[in-house]
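Visitor: Here is how the chains run, residue by residue.
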Amino acid sequence: MPKQDSRRAVSRRKFLSTVAAAGAVTAVADLNTNAGATPTAIVAEPPKPSAVRPSAKVAAAETGLPEAPAHASGAPTSDFMVDVIKSFDIDYVAANPADSFRGLHESLLTYGGNKKPEFLTCMHEESAVAMAHGYFKIAGKPMLVLCHGTVGLQHASMAIYNAWCDHVPIVIIGGNDLDANKRVPLVPTYHSAQDIGALVRDFVKWDDTPISAPHFAESFVRAYKLAMTPPHEPVLLAVDAGLQEEALQDRAELKIPRYVQTAPPQGDSGAVREAAKLLVTAQNPVIIADRAARTPNGIGLLVELAELLNVPVVDQLNRLNFPTTHHLNQTGRAGPLIAQADVILGLELSDYYGTVNTFIDNGAYDREPKTKAGVKLISITSADYYLKSNYQDFQRFQPVDVSIAGDAEATLPALIEAVKSALPADRKSALAQRGDAMRKAWSETRQRTLKAATYAWDASPISTARMCAEVWAQIKDEDWSLVGSDRMFSAWPTRLWPMEKHYQFIGGPGGYGVGYGSPAAVGAALANRSEGRLSVNIQTDGDMMYAPGVLWTAAHHRIPLLNVMHNNRGYHQEVMHVQRMADRRSRVLNDGPIGTQIMGPDIDYAKLAQSMGWWASGPITDPKELAPALKRAVEVVKAGEPALVDVVTQPR
Amino acid sequence: MRHYGLSAAIATVALLSMFGPANAAASADHGKIVFMKEGCWECHGTQGQGAITGPRLAPDPLPYEALSAFVRSTNRAMPPYHENILSDADLADIYAYLQSIPKPQDVKNIPLLNQWADKPK
Chain A
1 MPKQDSRRAV SRRKFLSTVA AAGAVTAVAD LNTNAGATPT AIVAEPPKPS AVRPSAKVAA
61 AETGLPEAPA HASGAPTSDF MVDVIKSFDI DYVAANPADS FRGLHESLLT YGGNKKPEFL
121 TCMHEESAVA MAHGYFKIAG KPMLVLCHGT VGLQHASMAI YNAWCDHVPI VIIGGNDLDA
181 NKRVPLVPTY HSAQDIGALV RDFVKWDDTP ISAPHFAESF VRAYKLAMTP PHEPVLLAVD
241 AGLQEEALQD RAELKIPRYV QTAPPQGDSG AVREAAKLLV TAQNPVIIAD RAARTPNGIG
301 LLVELAELLN VPVVDQLNRL NFPTTHHLNQ TGRAGPLIAQ ADVILGLELS DYYGTVNTFI
361 DNGAYDREPK TKAGVKLISI TSADYYLKSN YQDFQRFQPV DVSIAGDAEA TLPALIEAVK
421 SALPADRKSA LAQRGDAMRK AWSETRQRTL KAATYAWDAS PISTARMCAE VWAQIKDEDW
481 SLVGSDRMFS AWPTRLWPME KHYQFIGGPG GYGVGYGSPA AVGAALANRS EGRLSVNIQT
541 DGDMMYAPGV LWTAAHHRIP LLNVMHNNRG YHQEVMHVQR MADRRSRVLN DGPIGTQIMG
601 PDIDYAKLAQ SMGWWASGPI TDPKELAPAL KRAVEVVKAG EPALVDVVTQ PR
Chain B
653 MRHYGLSAAI ATVALLSMFG PANAAASADH GKIVFMKEGC WECHGTQGQG AITGPRLAPD
713 PLPYEALSAF VRSTNRAMPP YHENILSDAD LADIYAYLQS IPKPQDVKNI PLLNQWADKP
773 K
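Protein chains in written order, with the working numbering: chain A, 1 to 652; chain B, 653 to 773.
So here's chain A without its partners, still in its complex pose:
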């Protein structure tokens, strides 16, 4: 139990054995007192050692095995829970160990054979959940996470919120000592609650507290089913420790409900036809996609729709929605395209308001529309089916002209057919001309991007463009997967690297909770491992330091991952925020933005990684030293081990 005060650092089992030993010591002390030695006699004797030689009874209590507990009369309920879990295709269970799920933990290892799911030893619950988050975005299926009911779930909560915002399913089991009569005093009682689900209920799709074996089976299947129905979201089951350890009455009578995946919701056919009509007749339509490609199939569907009309696509990149090499990928021209658009189709946008409005962070809360008057807005999103009140992840309200509640990927086939039906033959020539213009614009954007990359090319700290170009040179011939976001280093990879496969880019954290990047990359790399892909993460320094123990988890489980540190030695967003406040108030930060920079001492990320079993190199400040270090690191990763290269970088 890692969450307790060090003064009381005892597990439940150790607590019990300590109580037993203390009782034995007390008994020995009583015997000594009864031995008849008078105070005078004691004073007269030479000084004795401070520790009394243990009696045979004390020695036995200290060194012997504890008395065997009374055996349960049958198989424990946690064995049945493993049967339920194994009825799903779940490869891994991530957890930081805790007594409130000790019964299930033991069953997974022995009865379950530590296979499907295999246990992943994590050093923080936030790491466990974020690993599951990254894992899903590559594997397309959930990981199981076990959490200690109160303190563990509190640690996990930020990562659960990220998964909620990013529409990622994770099945979480929180252990809890529900029955006060069975609950061990002190630590396990501190770690118990009436309702652990209350901690995260605002940002899980569903939670339950099953109180029997059949109830667990039903709730687990329901939880998995709801998590996997778009919009995907995390779910939680609070599972009583006593129930886990309770003997099953009649295993043969217990049934596991059959799981059938729910078909994702498709948009209303009339509204889809209306949207198609607007797109076909528009002069300057734009498609904007955020989490539209829920699966690899989504990319193909979006390409088909865009090519039908030669519509430019702006990818907001919470998933890879559209190939970066395609002439209709006009992400770099989002501003002018949105400004000129007469129809905008938004697919699973997390922030439609922010997409079509500018908010100026100048203290006056100024805002301006990015669009021209009369623009028609279409929205297709499963988020319209499901939101909650408290947390504001649903963003500002944006009125639209055609609002379709439905999963975008599931709705695209119908929209494609509707566009085909609505497209008159005489439009095809005009649409072809639009395609030529897009090819030209794509090439112009590419030239501008390359030109931008030349500035500060040889600088130290190393430019982020140089870092990303050097990384690309080492991985371009591999089957690679970028398992992190690129927004903190000017998005060079999505601007330059050819990304055509869904797994080549997995987007960001969703809720922008810092501490996601490093563990999510490890989880995604785990999913890539079985596919033989080379996983690459460009890792920000501040994010790394939230829970660096995930480096040990990666080494321990031999998860190959290339981590390239984007080490700008600061929480740079906050560096800029504090500076902005000072400037706005006409004040000078004489000693710099104290509280936002990570320097003095400068963290040696190579040594940090090496201490946890990684091959590592750096810190590198001379760009000429990057290529050999990265080359060696790629060799290590290809051999199946994690490697880290610490690069001291420009801020963005």
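Note that these hints are calculated values from the structure, not bench results. Note that this is a predicted model, so its numbers are computed, not measured. From the three backbone atoms N, C-alpha and C, an ideal C-beta is built for every residue, glycine too. Among the clues, some could well be false.
[Unchecked claim] DSSO-like mimics (lysine-lysine), calculated; alpha carbons at most 30 Å apart, straight line: (1) A:K624 x B:K755; (2) A:K141 x A:K86; (3) A:K451 x B:K771; (4) A:K388 x A:K205; (5) A:K476 x B:K773; (6) B:K771 x A:K631; (7) B:K760 x A:K624; (8) B:K771 x A:K624; (9) A:K428 x B:K771; (10) B:K755 x A:K451; (11) A:K370 x B:K771; (12) B:K773 x A:K277; (13) B:K773 x A:K631; (14) A:K420 x B:K771; (15) A:K607 x A:K624; (16) A:K428 x B:K773; (17) B:K755 x A:K476; (18) B:K755 x A:K440; (19) A:K451 x B:K773; (20) B:K760 x A:K501; (21) B:K760 x A:K451; (22) B:K760 x A:K631; (23) A:K420 x B:K773; (24) A:K86 x A:K205; (25) A:K476 x B:K771; (26) B:K689 x A:K624; (27) B:K689 x A:K451; (28) A:K476 x A:K451; (29) B:K773 x A:K440; (30) A:K440 x B:K771; (31) A:K476 x B:K760; (32) B:K760 x A:K440; (33) B:K773 x A:K501.
[Unchecked claim] Stretches of chain A that chain B covers, calculated by requiring three or more beta carbons in the stretch to come under 8 Å of a beta carbon on chain B: (34) 326-335; (35) 441-447; (36) 451-457.
Fit chain B to the given chain A structure using the hints.
Guide: Leaving out everything else, chain B in the frame of chain A:
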């Protein structure tokens, strides 16, 4: 829209301006120190190369008067730097630093920037 108006104002100032600060004794070395101390590097990079957080400033900076007018009057994401926190002399030194930054190599001469296609598929 507002930013078009601001751009027009900058352009007007630029047309009327000289191509350097009035202070002929401006120091690029001191300008670099001020550029770092005042936090310009945070959004624009240590060589003014620009980033997703702020536009490129160098090489070939805007005419001094245009840059100065913007720094003193902007009220968008970048707040203004008034004279009481950034003197005219220091701003002139920053400008000297930006002017001292050499032009980069041509894209064609950087092999790492020639590893990507220049045309879409």
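Visitor: Compare the structure with each hint and give your call.
Guide: Status of each hint after checking the structure:
no., hint, verdict
1, A:K624 x B:K755, "19 Å, holds"
2, A:K141 x A:K86, "14 Å, holds"
3, A:K451 x B:K771, "15 Å, holds"
4, A:K388 x A:K205, "9 Å, holds"
5, A:K476 x B:K773, "17 Å, holds"
6, B:K771 x A:K631, "28 Å, holds"
7, B:K760 x A:K624, "19 Å, holds"
8, B:K771 x A:K624, "29 Å, holds"
9, A:K428 x B:K771, "23 Å, holds"
10, B:K755 x A:K451, "11 Å, holds"
11, A:K370 x B:K771, "29 Å, holds"
12, B:K773 x A:K277, "28 Å, holds"
13, B:K773 x A:K631, "29 Å, holds"
14, A:K420 x B:K771, "28 Å, holds"
15, A:K607 x A:K624, "21 Å, holds"
16, A:K428 x B:K773, "20 Å, holds"
17, B:K755 x A:K476, "29 Å, holds"
18, B:K755 x A:K440, "27 Å, holds"
19, A:K451 x B:K773, "21 Å, holds"
20, B:K760 x A:K501, "28 Å, holds"
21, B:K760 x A:K451, "10 Å, holds"
22, B:K760 x A:K631, "24 Å, holds"
23, A:K420 x B:K773, "23 Å, holds"
24, A:K86 x A:K205, "22 Å, holds"
25, A:K476 x B:K771, "18 Å, holds"
26, B:K689 x A:K624, "28 Å, holds"
27, B:K689 x A:K451, "28 Å, holds"
28, A:K476 x A:K451, "21 Å, holds"
29, B:K773 x A:K440, "12 Å, holds"
30, A:K440 x B:K771, "8 Å, holds"
31, A:K476 x B:K760, "19 Å, holds"
32, B:K760 x A:K440, "20 Å, holds"
33, B:K773 x A:K501, "14 Å, holds"
34, 326-335, "holds (count 3)"
35, 441-447, "holds (count 4)"
36, 451-457, "holds (count 7)"
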